[in-house]
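2 protein chains.
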Amino acid sequence: MNFSKQIISLFTIIVLSFVGHSENGHDAWLRPKKAKTVNVITSKQSPTISIAKNELIQSWQGTEGATVTLRIKRNKSLKSDGFKISENSIQANTDLGLLYGVYELLRRQQTGVSIKEEIINPSYDRRILNHWDNPNGSIERGYAGKSIFWHYGKDSLAVTDGDIKLWKEYARINASIGINGAVLNNVNASPMMLTAGYLEKVKAITEVLRPYGVKTYISIKFSSPSLIGGLKTSDPLDTEVITWWNNKIKEIYKLIPDFGGFLVKASSEGQPGPQDYGRTHADGANMLADAFKPYGGIVMWRAFVYSSNDVDRAKQAYTEFVPLDGQFRDNVIIQVKNGPVDFQPREPFSSLFGALKKTIIMPELQITQEYLGHSTHLAYLGTMWKEFLESDTYQKGPGSTVAKSTDGSLYNQKISAIAGVSNIGLDTNWTGHTFAQSNWYAFGRLAWNHELTNDQITEEWITLTFSPFDVENSQVKIDFSKQDWSNHFLKPVKHMMLDSREAVVDYMMPLGLHHIFSANEHYGPGPWYAPARVRKDWTPPYYHKADSLGIGFDRTETGSNAVSQYEEPLRSEFNNIETCPENLLLWFHHVSWDYKMKNGKTLWDNLCYHYDAGLQKVREFQKIWDKTKPYVDSERFYEVQSKLRDQSRNAQVWKDGCLLYFQEFSKMPIPYDIERPIHDLEDLKISTMKRPLNYK
Amino acid sequence: MNFSKQIISLFTIIVLSFVGHSENGHDAWLRPKKAKTVNVITSKQSPTISIAKNELIQSWQGTEGATVTLRIKRNKSLKSDGFKISENSIQANTDLGLLYGVYELLRRQQTGVSIKEEIINPSYDRRILNHWDNPNGSIERGYAGKSIFWHYGKDSLAVTDGDIKLWKEYARINASIGINGAVLNNVNASPMMLTAGYLEKVKAITEVLRPYGVKTYISIKFSSPSLIGGLKTSDPLDTEVITWWNNKIKEIYKLIPDFGGFLVKASSEGQPGPQDYGRTHADGANMLADAFKPYGGIVMWRAFVYSSNDVDRAKQAYTEFVPLDGQFRDNVIIQVKNGPVDFQPREPFSSLFGALKKTIIMPELQITQEYLGHSTHLAYLGTMWKEFLESDTYQKGPGSTVAKSTDGSLYNQKISAIAGVSNIGLDTNWTGHTFAQSNWYAFGRLAWNHELTNDQITEEWITLTFSPFDVENSQVKIDFSKQDWSNHFLKPVKHMMLDSREAVVDYMMPLGLHHIFSANEHYGPGPWYAPARVRKDWTPPYYHKADSLGIGFDRTETGSNAVSQYEEPLRSEFNNIETCPENLLLWFHHVSWDYKMKNGKTLWDNLCYHYDAGLQKVREFQKIWDKTKPYVDSERFYEVQSKLRDQSRNAQVWKDGCLLYFQEFSKMPIPYDIERPIHDLEDLKISTMKRPLNYK
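Chains L and Z are the protein sequences, given in the same order. My numbering numbers the first residue of the first sequence as -9 and each following residue consecutively. My numbering numbers the first residue of the second sequence as -9 and each following residue consecutively.
If a hint is listed, it holds; no wrong ones were tucked in.
It does not matter which identical chain is meant; a pair holds if it fits inside one copy or across any two.
Taking lysine to any residue pairs in the SDA-like style, the calculated list, with each CA pair at most 25 Å apart, reads: (1) Lys619 <-> Asp670; (2) Lys619 <-> Lys657; (3) Lys619 <-> Thr592; (4) Lys613 <-> His669; (5) Lys657 <-> Ser12; (6) Lys675 <-> Val643; (7) Lys467 <-> Lys657; (8) Lys386 <-> Tyr401; (9) Lys619 <-> Tyr651; (10) Lys617 <-> Gln606; (11) Lys619 <-> Gln653; (12) Lys675 <-> Arg639; (13) Lys657 <-> Phe627; (14) Lys305 <-> Glu380; (15) Lys158 <-> Thr38; (16) Lys467 <-> Pro659; (17) Lys404 <-> Glu310; (18) Lys586 <-> Leu574; (19) Lys43 <-> Gly102; (20) Lys613 <-> Asp670; (21) Lys617 <-> Met658; (22) Lys617 <-> Leu671; (23) Lys657 <-> Glu610.
Just so you know, the hints here were simulated from the structure itself, not pulled from any lab data.
Take the sequences, apply the hints, and build the full model.
Structure, rendered in structure tokens:
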């Protein structure tokens, strides 16, 4: 390094130190506050209570000089880590309950919500992030940089001071919204995770996360006994195998006495599993569950199974798991994706919810936007998740919502749990897109209380994340009132967020279309994508079934009969084209192009209007965001502005690609009152084959 | 080739033979007609009259079995190749006049215009295409394939049967609109053009063009005497040089007795010229003119001169040529581009028009869309040319339009002439974009009669080019009336054409902006383009002069004083910001961003609205074109549709690039009622540097 480079380097450091105080998103919704003084009285000492106390002192926005009491006191109305709050006191059964109460109190102060005495209990016991992080530091479906747990490159197992700082921040952010578990590695698991070095690192991570109440779990490869244990088989009924797992789990608990358990993807998408040995999912899961029993650990067993032979992938999880109902141990939880196919922009709920009556089920949501524009598109997912959680399964009569059939209200289950596939990476703002933080937030908040409205969640998140009032370093020149800010920032941005998932549905896959992405990247459109050597159920035509007659997957009684997996009256409702909800029409029906829909227009016209509406919505979001400029720091303003521009271009590619492709079948004109495509289909086909749309 | 390949090949040939009859645009506006029978009586035989007779027989749409008389008879009212037509007879002073009369008669039949006895004379004597074709077959600023005259690759000089067929078609199309001259090579001329092989080829071309009345010219390199003649100098006053040119011209006339003359770009943009030897343009041009005198040849001497030192490139042609007024021979014509800079989407007329009072001037128009979207954008240029021709120079009082000051009405000049830089290449449809044919057509028609309206020209062209009635192989299923066709095709398409140049102005360079293209390709936006080593007058900031105060080139009396080159009252009108036409505002003034314009909005807002309006207009064109589908063959429909899509994408890049760049100076928001940019400026800067926008 020569002298001038040193100067520049020094200069960079100075500038960065300064800029480091700007709103780079790293503080997420916990931005440093201009705190008032507060006295905190605690009846007990513990690392968790220390954190709770510190948080109050750092961020108190209540009466200057107030006294707040944190008290552990048994109360039957409080469930697990629930708490009772009032303006000046928090009561809980557990230390963690106190910490959660503190975060609730501070959140209310910061969002201006009144605080009266109130008991607040969690909806689900286990509120878990699933990290699809690989031991080499990459992340499957991660769009915000490399893993925060596993170093990319050679020193995957090193633990640096920087790691510890970052994990602590991570744990704090999670605790602030009630997330109490983290699966530290990809469900497509490496057997190496069970080797000593990795377990030591899991221990190191656990020690940082523990005071914040975030339990650690790992994903395991089912064939680990043969792969790393030197055994000839991994048959779950083989005694050597059983012994190997017993020893391994014992070894883990020796290192980590409060270890959470395993997440298992087995006999699924090429992953080894019990079926390789002629055994059932129950055989596999129970064997592990028995080994965990002495330690209180759990097995989360994924129901994401399908084979290339079946005529309808959407049916297979149900077909495989319903016969096993009642055979699973009480510390096994079947983890089921919200929809029957795979985290699409819109799906009906998976028919397994409510259908497994003697088996614990946990919903698996996807926070990372694998199918909703990665970290480029603004798509608030709370609306999608509420739609899912509030879906009525009718399995125990009307009102048997997915939420109630998984949170313990309807079924007698020892544990309740919910998982979200994380969107977190090493990017400074954790999630790549500032607004993707809102999905992390919404997952945590809904996992804690699935009755919260999206109105409340978004309002909380926007205020905590963007309000320039009473925060350090907001960098916004405040020459407006709180009311102005609410009118010109909070309200329009909330509107944008609440509309954003439907916009994605519209420009990607309206009316029940699903899985029409190009290739494996799951970003750009590819309804045409069908290379000869690719499994049919991995190509879009398998799902959209467009032909000269119409479009859509016939899952009625005369089709694949997937409707039969739903309880009445849903079964009949879905089965009948006239009663099937139009936003799921092409999920359940193959519909003729000129089918008259409820608005009197043909299916084809409706399809066109939806695609165009999606694009117009994104353009509207651009206008909304551009107008917020005076109310937001320039760093986040330009970041979001730029991403909305990408989204707008992408939405146009989606609209053009899908309409031009489907038009080859419909042979009908795109209604002349909507904007014409600006791309040619052949160009789009070539470019989506060559490289992902989001690759600059 | 194996058997199956042979089969495919055979199949391809069959299909192509069939498709060969489709509307691929090669017939331009002379599509084969379902002719009625006609008797043609001629008083004379000649190759030209044979053609005239044949045209009538091939395309007659008048009364079945009518008799038409073609008669050569002196008539003082007929100028040069003018003619007198009636329903059944054509009279002219020349054979070519008869041919022109035939084309006029047929055009009227095909466009349904009534034919009464009428004398029709040309506005300009010489109506010349300038081909910027290089001897190696490439074309400077050519966007429709390689040269039709010079083969690309090794056999540049070969003359094939295919060439002769193509040249004949070319000559016929030109004759049909009155074009009577062609400069066969680039103004940036190779000295090789004067060598025997090339002259032989010029002769071959001339022989094909001659019966159609298309005279040939060539561009020459001024330093040819030293480059290929073995002389030590090319000084125009040097006797050896004079002798060399005399001999060369004699040699040419021996081969081609009716040779037209030379086009000369000298002492311009690095081309050698008389100034290299301390001589004037007059010295150079007159030396050549003297050599041509005995043969009736002419010298077209270009006034496109500017040096990098001057503060205002727009002033230089005037500064250099006005002092020479009166010094040029009467067979020298100064060829002047319409605008003072260079074929921009909108410029004021060049101040030389009307100002050279004792020198013949010919306007040089550019048919090839160097600065208006190449062969990708639909831009009908007739509107631009009429705006130019009708501009009042005031040089001989009000009404001294450019047209009148060049066609011989105002000044006593032996010859009148007009040139258009051709957009023709080897593409099947000649011009790349079907609608670019309309510019070839409009140039010819206006050169013949500059009083034609664009309404008439476009209506003629659209009807001749697209009408499915009474033509062979139209491939359009006619289930509509002529009136329907007029309402649903002719009128909307005409509207689109008439609006198209203003659309380009709007999305590229509204309000008098000019020359803000990226790099040398002259296609995409590059207001930011200013590499350190590039001449300042070859970079956009030289022209737009955007800064924190405002934007535009101050050419007022207190600026570069280019206004002084215009005659009153124009000088004062341009000089005063309040009276300067708003569509030339930034050409003449550096205007503050917040300057209130006539509509009450700021300059910045107006700039934004113009850029957006340009984009919206292109989107409107897409709608218009998409609706024409039932009325046009699919080959041309999809070709134009696809190009409009490109244009729409490009217009968005232009809008975004220019607004985002200029916003860095204006620091004002883009009005919130218009669509937001979808590109980021930095991306556009990088991509326009890396590759042209039109490169797929």
